[in-house]
Amino acid sequence: MSIDRRTLLKGLAVAGAGAVAPVEASEKYAEAPPDAVGMLYDATRCIGCQACVTACKTANNLPGNRYNPPRDLDGYTKNIIRIYEGEDESSYMKSQCMHCIDPGCANACMIGAFKKREYGIVTWDPERCIGCRYCQVACPYNIPKFQWDTGVPKIVKCELCNHIIHDPDTGTLREGAMPGCCQACPKEAVIFGKYTDLVEDAKRRIAERPERYWGPDGEPKIFGLTDGGGTQVLYLADLSFAKLGLPTLGDEGIAKQAREIQHGIYRGFIAPVALYGILGLVIWRNSRQSKKEEG
Amino acid sequence: MASHSHAQPVGGPLNKRFVTFMAIFLGVWAVVLLFRFIYGIGVVSGLTDYYPWGVWIAFDVVTGTALACGGYAIAILCYILNKGHYHPLVRPALLTSALGYSMAALAIILDVGRWWHIWRIPIGGFPDSFRYNWDSALLEVALCVMAYVGVLWIELGPAFLEKWKATSKSSALVGFATAGLKFYDKALIWIIALGVLLPTMHQSSLGTLMLLAGHKLHGLWFTPWIPLLFLISCVGMGYSVVVWESSLSSNLFKREKETSMLISLSGAMVVVVSLYLVLRLGDLIISGKTGLMFTSGWLSLVFWGEIALFAIALLILASKQRRSNFSNMLRASILLMLAGSMYRFNTYITAFQPAPGQSYFPSFLEVFITFGVIALEISLYYFIVTRYPILSGAPAEASAR
Ligand code: SF4
Ligand code: SF4
Ligand code: SF4
Numbered sequence: 509m510s511i512d513r514r515t516l517l518k519g520l521a522v523a524g525a526g527a528v529a530p531v532e533a534s535e536k537y538a539e540a541p542p543d544a545v546g547m548l549y550d551a552t553r554c555i556g557c558q559a560c561v562t563a564c565k566t567a568n569n570l571p572g573n574r575y576n577p578p579r580d581l582d583g584y585t586k587n588i589i590r591i592y593e594g595e596d597e598s599s600y601m602k603s604q605c606m607h608c609i610d611p612g613c614a615n616a617c618m619i620g621a622f623k624k625r626e627y628g629i630v631t632w633d634p635e636r637c638i639g640c641r642y643c644q645v646a647c648p649y650n651i652p653k654f655q656w657d658t659g660v661p662k663i664v665k666c667e668l669c670n671h672i673i674h675d676p677d678t679g680t681l682r683e684g685a686m687p688g689c690c691q692a693c694p695k696e697a698v699i700f701g702k703y704t705d706l707v708e709d710a711k712r713r714i715a716e717r718p719e720r721y722w723g724p725d726g727e728p729k730i731f732g733l734t735d736g737g738g739t740q741v742l743y744l745a746d747l748s749f750a751k752l753g754l755p756t757l758g759d760e761g762i763a764k765q766a767r768e769i770q771h772g773i774y775r776g777f778i779a780p781v782a783l784y785g786i787l788g789l790v791i792w793r794n795s796r797q798s799k800k801e802e803g
Numbered sequence: 007m008a009s010h011s012h013a014q015p016v017g018g019p020l021n022k023r024f025v026t027f028m029a030i031f032l033g034v035w036a037v038v039l040l041f042r043f044i045y046g047i048g049v050v051s052g053l054t055d056y057y058p059w060g061v062w063i064a065f066d067v068v069t070g071t072a073l074a075c076g077g078y079a080i081a082i083l084c085y086i087l088n089k090g091h092y093h094p095l096v097r098p099a100l101l102t103s104a105l106g107y108s109m110a111a112l113a114i115i116l117d118v119g120r121w122w123h124i125w126r127i128p129i130g131g132f133p134d135s136f137r138y139n140w141d142s143a144l145l146e147v148a149l150c151v152m153a154y155v156g157v158l159w160i161e162l163g164p165a166f167l168e169k170w171k172a173t174s175k176s177s178a179l180v181g182f183a184t185a186g187l188k189f190y191d192k193a194l195i196w197i198i199a200l201g202v203l204l205p206t207m208h209q210s211s212l213g214t215l216m217l218l219a220g221h222k223l224h225g226l227w228f229t230p231w232i233p234l235l236f237l238i239s240c241v242g243m244g245y246s247v248v249v250w251e252s253s254l255s256s257n258l259f260k261r262e263k264e265t266s267m268l269i270s271l272s273g274a275m276v277v278v279v280s281l282y283l284v285l286r287l288g289d290l291i292i293s294g295k296t297g298l299m300f301t302s303g304w305l306s307l308v309f310w311g312e313i314a315l316f317a318i319a320l321l322i323l324a325s326k327q328r329r330s331n332f333s334n335m336l337r338a339s340i341l342l343m344l345a346g347s348m349y350r351f352n353t354y355i356t357a358f359q360p361a362p363g364q365s366y367f368p369s370f371l372e373v374f375i376t377f378g379v380i381a382l383e384i385s386l387y388y389f390i391v392t393r394y395p396i397l398s399g400a401p402a403e404a405s406a407r
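Line order of the protein sequences matches chains A and B. Numbering (my numbering) for the first sequence: 509 to 803. Numbering (my numbering) for the second sequence: 7 to 407.
Pulled out of the complex, with its shape left as it was, chain A reads as follows:
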């Protein structure tokens, strides 16, 4: 109900900052890049074996093993399986980076350490990152993690096993290569593929067996199709995604909103330069006046 008013207010805020509607800023990342790849996790197929957790650690050369499974993502864990247990209902849930179509982390990172690159994969560059942790504040899913226990910390998050699936020399995808978790999953609960194929696959699964995804919380839904501007990792489940720990986001990503305001204020750098000129002139006039008065 308040959406319209909010948009109106936002428009006012932008206009108040001395700008017209900033078009480029909003149309950037309106949809997934044409070559986008991603993952589809189907919670109804997952048996919670955590093979994907161990495989992720191996693929990314991170410490830890299946006998001591992590409880949450951390500076050494890029993928976890959690269980949700309610009254007469339960479900597993996987979390890792969602590879947002319009990623908050990349929008936040001032130095471009986080970036949406080839195939829409969001990666982190140790050569640039200064460890400010703004990406952690900006990620709606709390995905990027920081190594708190070392003097030379890194930011750690799933990069869709970019180093495995993507051949940097040719710039193409390696034939048959998959992220560690998808490779390991015995139930094909998490699969890797072209984004458009995954969307189709998810829709087909719902169309073929709607009752499977028709949980107590209502109609079947593919999480990530539009949520927060859309994500390249998609989810299916038979419970509401809020119960499984995903936030309820609007269709418009927060990165887009923030960009509109920031660019509204600084559009073409006109406002700051104009303000600077005016300030200088005012001070100059004032100082001349006071000199006259003194003399």
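By construction, these hints were calculated from the structure, which means they are not laboratory data. Using N, Cα and C, we set each Cβ at its ideal position, and we do this for glycine too. Hints should not be assumed to be uniformly reliable.
[What the hints assert, rightly or not] With the Cβ distance kept under 8 Å, some of the chain A side facing chain B (calculated, not the full set): (1) I619; (2) F654; (3) Q770.
Dock chain B with the ligands against the given chain A, drawing on the hints supplied.
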């Protein structure tokens, strides 16, 4: 232009006990910092992956620079609104601003995990330079704060040059100082203009930063107007610091109070604070969040506490008679400082709720590190005002304690 002919160093020997205490305190501080740099931020702080920003950012940087807006607030009044009679306040305000911003910069270095890459920010990365991410409000804050620290020290330059010109034995230094002062005569206008422009830009961007927190920031604090709210409230905080500074320096160093100037300054604050409150409350009401003001549990209380601080300060200053009294002014300025600080803390920490069941409380060492930053700032202030012509008003006694 700006005639600071009345400004004189406080002079006298440094207070031994004060110096010893500070030296010991800062020594311990350095040891704690060593731990932080060797064993990581987790060892000395209560920060977590859900609350990656704590008191170092919320207090030292966000609140600290707003409190350091004395220089900004005074510059607006003196040079833009042409109230030339605020001049005696300019230098002390500039000094606290310069120190406050320098300390914020220091706090950032202590806070960021991969500090050895900081030098890449101004050049936009390395080896592929000039690749700035203009989408990031933090980039704007970083560049602006770096530039402003420089501008503030340049604005203060005449204080140092005057002293060197008058007392230095090296003729080269005297020559340099004379030439420098001549340069200032011409260029100061444009430096001052920069000194007004830069805070306008980054104090609002400090608010813009939290827009990206999106749903993680409670609805009572999340609004597209954050940038403007941060900007307006920092002017109020800057004013408060000027009042305080005037009072403290007159008590500690026996300088005359600039009461009459402060009274008219207080008049301007009535407008500023009213504007803030109208915008803050108006936005919530128009965007249909009135309900949240009462249904958000303890956050509703926090919210009303924050509003009350602003409102009471406004009430005190609203009547001309009341604000003519110095102790009322002090009271109002304490409230305004608290109000602005609370608004910032709430936006960055209290109302920041990244996920259910997560919470943050600073650890002892984390707070200690912040105190160390403040201690360093106080020590430098003390050292500079005793040596250099910053404070004006004739000393009531010949020598400071
Ligand atoms: S889920 Fe978070 S870390 Fe991953 S792309 Fe989106 S914003 Fe970035
Ligand atoms: S911590 Fe690193 S990756 Fe994250 S926003 Fe800061 S510089 Fe970018
Ligand atoms: S490997 Fe597959 S089935 Fe096992 S926990 Fe991971 S996603 Fe679920």
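How the hints compare with the structure:
Contact between I619(A) and chain B, as hinted, is supported at the beta carbon level, the nearest pair being about 6 Å apart and thus within 8 Å. Taken as an interface hint, F654(A) checks out: its beta carbon lies about 6 Å from the nearest beta carbon of chain B, inside 8 Å. Interface hint status for Q770(A): upheld, as the beta-carbon distance to the closest one in chain B is roughly 5 Å, under 8 Å.
The structure fails none of the hints (numbered hints given earlier).
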